[in-house]
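Peer 1: Take a look at the letters that make up each chain.
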Amino acid sequence: MAQATGIVTITPGQSARAAPEPSGWRAWLRQPGVLTALPMALLMLTGFVAPLLLVVAFAFMPPQSFSILQPPTLANFQEIFANSFYRSFLASLYLAAATTLICMVVCYPVAYAMVRVFGRVAGVLALLITAPLFVADNLRLVGWMLFLVKGGVLSGALQAWFGIATDSMLYTVSATLFGLVYTYLPFMLFPMIMGIAMVPLEMREAAFDLGATRWQVLKEVDIPLAMPGILIGALMTFILAAGALSEPRILGGSSVVMIAQDIQNEFTFAQNWPKGSALSVLMILVAGVLAVTLLRRIDLDGIFGRR
Amino acid sequence: MVTTEAAAQPILQLRAIEKVFDQFAAVDRITLDIQEGEFFTIVGPSGSGKTTMVRMLVGMDKPTRGDILLRGRRINDVPANRRPTCMVFQSLALFPHRTVGQNIEFPLKIRGVDPALRKKRALELLAQLRLPDHYYNKAVTQCSGGERQRVALARALAFDPEILFFDEPLSALDYKLRKVLEKELKDIHRQTGKTFVYITHSLEEAMVMSDRIGVMNRGRFVQVGTPNEIYGSPTTRFVSEFMGEVNILDVTVGPDGTATDDVTGARYLVPASAGAGPCSLVIRPESLRFVAGPGQAQNVVTGTVYNEYLLGSRVQYQIRVGEKQVLLLENLRDQRYEGDLDSPVTAGWDTGDSMIFPKGLLQ
Amino acid sequence: MKRKNLLQSFSASRRELLRRSAALAGGIAAASALPRAALAARENELTVYCWEGYNSDKVLDPFRTEFDCDVRAQGLISDPDAVNQLRAGDTRIWDVINLNNSWGRRQLYPENLIVPLDQERFRPHWDMMLPEFKWPYHWAMSEDGKELLGNIQRFGPSGMNVDTNVISVEMAEDQGYNLILEDDFAGKYAVLKYDDWAIMHTALAAGFSPFRKLTEDEIGRFEQVMRKVITNAAFVSDDMNAIALGVINGSISASFPGSVYTVSTARFDGNPHFTCVVPKNGPAELGGKNGVCWMELTSLVNNPQLSPRGADFLEYVLRPEVCKNVAFAEGTFNPVAQMGDPRVMEQFSTEELDAFQWDRMPELMARCADFDDIPDYPKLHAIFTTALREKGV
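Chains A, B and C supply the protein sequences, listed in that same order.
Following our numbering, the numbering of the first sequence begins with 8 at its first residue and continues without gaps.
Following our numbering, the numbering of the second sequence begins with 77 at its first residue and continues without gaps.
Following our numbering, the numbering of the third sequence begins with 414 at its first residue and continues without gaps.
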C-alpha cells in the first residue's frame, strides 16, 4: 500500500502530461516561450502595430476629417496622385540613395580600421562617434547652420585667415545632403562594424594564402562577407534618410521638399490627417517593398554561414 | 613509402628559426630539412608552437630570427600570397558565400584563368576527391563535414602548390570519418607526389599518414623520425606519453640495474638504457597481459580487475594494485577476461616491451 | 505671428532649449505629484496650454509660490492643432488655454470648449487696456456680445521685415509686396514658413482679403503670386533666427512675411535696421489695410474639474510686473494690450520699447486687419505646399 500512495503522489505531474491536451490555446499559453514573449508582444502590439493600424485606417477617411468611423474612401490617394507629390517621393528616394552611397564609401574604411587596426582605441573612437547622438539632431543641425552660414564659423575663418570671401553654403540641395550624411553616418557605421567583425580572420588569410592581392581579398572576401552588416546599415540609413525632416528644413531651407515635410505639413498646418496618413502609408509601402526585396536578394542564412 | 632517393637539396629548410612573443619563444631555434615529396607531420600538444611554426612556413608570420629557405632561396620576407605554397586551415576557411565550384576555382580566378578552363579543372578535382559533378553548384554551407574537407583540399590542390600545409584539418570530425579521410589524404599524397606538411595533436593520426614525424613540445622538436622510430623507441617520456594512454610507474633504479616501485615496493627488471636513480617506467596497455601466475612473464603484478571498457575490436581493463596504483591492460576482443570483476588477477609484461626514462627529462 | 510647429520650437536657441528642458523637468515633477494633488480636489494644481511665454518660469514661478500650486504648462504648436485636441477630449486635461483672437468667439465657445469669465471680477481690469482694445472688445466677447470669453494680452502686427540699410521704410511702405515680387529682388529675401501667415500675406499681395471665400480667378491669381514668392526666395525657413542671421550677414535683405514678433529679438540684440513694415494701399475690401494683426485670447477651458486657480492665473498675468514678463518672454518680445496703464508702461525701458517698435505701433496696427478664419485655407495651403515642392523647376 505504501507503494500505491507513492504512485498517487506522482500522478498529478504525469497525468498532466499524459492526459489529452486541454483546450489548445491554454496549453499553448502555458509554454514558457509564449509566456516570456508576451510582454514584448504586448508592447509591440500597443506601441507599434496599433498606431500603424490607426494611420492606415485614417488614410481611407474623407479629407479634413478627424474620426476613423466614417465610410472609407480613396479620395486622399486620388488627390495625392493628381498632385505633384511624386516629386517629394523622388526627392526623398534620391537623397536617401545618395546619402546611403556616400555613407557606405565614407564608413567602410573607418569601420574596417576600427575592427582591424585601432584595437583598443576603437572603443574610444566609437564613443566619440556616438557622443553627438546624445544631443538632439535638430540642435546639432542648428550648430552646422551656424558653422556654414555666411559670416559663420567656416566662412568667417576663411575670410580672416586666408582672405577668401565665401557666400552662404546653406539652403541648397548639397547642404541638405551634407546634413543627411552627417546625421545618419552612425547608422551605417555601426552595423558595418558588426559586419566586418563577423568576417573570420582565417577567411581573409586563406584568400591571401591562395594568392589574392589585398584588393582581391577586399573584393572577394571582405565585402561579400561583411554584406549582412553593410546591407542592414544601408537599409537603416536609407529608410531613416528617406524620412528625414530637419535636414532639408534647417540646412536645406526647403530648397528641396522631402516627403516627411509634406506629411508633417498635412498633420499640422493643413490639419488634414487623412491625407497625411495616406502619404505615410505610401511611404511605408515604398520603404517596405524596398526592405523586403533587398533582404530577399541576399540569402542571410547562407551569408551567416549556417553550418 | 615515397621517400627520397636523389633529392640533393631539401625543398624546405629551416635554419634556427625562432618566433618570440613578449620574450616568450613560441618557436625556439628550430632547424629542420623537409624533403621533396615527403609527408612530414608536426605533432604536439596545444601550445607546443606547431601552429606558430606553420604560420611562418606559409608566410603569415615572420620569424623573429633564423631563415626559411625554399629550394635554397630565402623566403622570410615573401608574403603568403606570393609563395608557391598554401594551407588547409583548421576551420577550412571555405568561403560561405560561394558554391563548391567557386571555392575550388578561387585560386584560378585570382590568377585570371579563363572560366572554361577553371571549370574543367574544378570538375577534375571533384572527381579526384570522389565528389559528384553536381556538387559544383552546391552551396558550401550545405555540405557535410567530410565533403567540406574534400572541397578545402580540392581548393588547395587547384592552387597547385609546391608544398601543401595542413593545420589540423580533421580535428573537428568524428573518429570514423577521420580515419577514412586520413587514408584518403595519404592516397592524394601518393597521387600528386607533392610535399605535404601536416600539423596535428594526434600522434595516432601522424602515425597513419606520415613519412616522417616531428614531435614538438615547448617550441622545440623533441624527436624527429619515422613512425616506426617514434613508436618503437621514443627518446623521452614526453614522446611516449604523448603517444596515448600508457602506464607510467615511478621507480628507483638500483645499482644492480633492477627497479623498485616507489608506490608498491615491487621489484622489476627494466631495460638497461637508464642509469641509476629515480626513473619513469613506461608500459603500453597492449604490452600488459593477463598471466596465470609468476614465471609466465618477466615481470608480474597482482591486483583486482576494477573495470572493463569495450573499445570496439579491443577491450581495456583497469587493474588496481594495492590502494594507490592503477594499471591499464588492453587485449583484443577475442581474448576477453572471463573472470568476475573485483576478483584477484595477475598481469605481467616482458622487460623488452617496457621503456625507462630518467625522471625529469622533458616531462 | 506665432511659432507654429514642434520642431521649430526645438531649433530656436540654446537658452530656449535650456528653458524648455527646465519646463519639461518641471512638468514631469508636477505630473509625478498629480495623484496627490488629485486627492486635494485640484485646489493646488493648474494646467496651462499656451503659446510660448506663459509657460516660462519667469511667469510661472512666482505664481507657484504665491498660490502654493503645482503648475504644468505646455507650449502649443499650432492653433488648429490645439483646437482639435480640445475637440478630441483634452478639455479634461487643461484649465487655461491661450490662442489667437478668432478661435474663441468663432469655434471654442460655440462648441462649448471654453467657459465665460466672471465679468464682475474681470471687467475692472479692462481699464488697463490700450484704446483699441476698450471694453467691450470684439474678439473677447461671445457673438451675442453678452459673455466675456477671455482676456486679451499680447498682440502684434504683421507685414514684411526689411533691412532698412538696403530698403528704406518709405520705399517698402509705398511699393509694398510688389517689391518682393520684382524679378530683380529674386534671391534677396527669405520666406518665413509659418504657413497660415504666408498664405494670408500672399493673398494680400495678390490684392484681396484672405478672410472670405475666393473666386476661381482669385485662386488662380493667388497661385501665380505664391509660386513667384516661393521660386524667387533665397530660402524658406520656419526659423526666424535663421532669417535674422541672413539679414545680419547681408545675404538677404527682407523676410516675407515678417512681423514685430519675428523681428523684435534681432532688434533687441543690436540690429535696429531690421524692421517690420506694413505696406500702405491694401485691398479696398479691407479698407486699404495691407497687414494682419493677431491678439491672444486667454480663456478658461470647459474642464469638468476646472481648477479654481485658473481664474486666479488669468488675473495674476494682468499684474503690471507679470505683464512685462509675458511681453518680454525669452525668444520673442511683444507689446501687451495692458500698456494702456501707466503702471505697465513704466516697466519698460526705451530699448525694450524700441525692440518691438513701440513708437510706430499705432501706425502699424492701423494698417492691419484682424486675424480671422481663412475659409479657403485647405485649397490655399495645398497651393502653398505644391509651390514649395515644385520650386526646383
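Think of the hints as simulated: they come from the structure by calculation, not from any bench.
Misleading hints may appear alongside valid ones.
Going by beta-carbon spacing under 7 Å, a handful of chain A positions derived as facing chain C [stated by the list, open to error]:
id: 1; residue: Arg94
id: 2; residue: Gly158
id: 3; residue: Leu161
id: 4; residue: Ser181
id: 5; residue: Phe276
Glycine residues also receive a C-beta, built at the ideal position from the N, C-alpha and C atoms.
Peer 1: Run every hint past the structure and note whether it holds.
Peer 2: Taking the hints in turn, this is what the structure says about them:
1. Arg94: 5 Å, holds
2. Gly158: 4 Å, holds
3. Leu161: 12 Å, violated
4. Ser181: Hint violated; Ser181 (chain A) Cβ to chain C Cβ min 13 Å, cut 7 Å.
5. Phe276: OK, holds: Phe276 (chain A) within 7 Å of chain C, min 4 Å.
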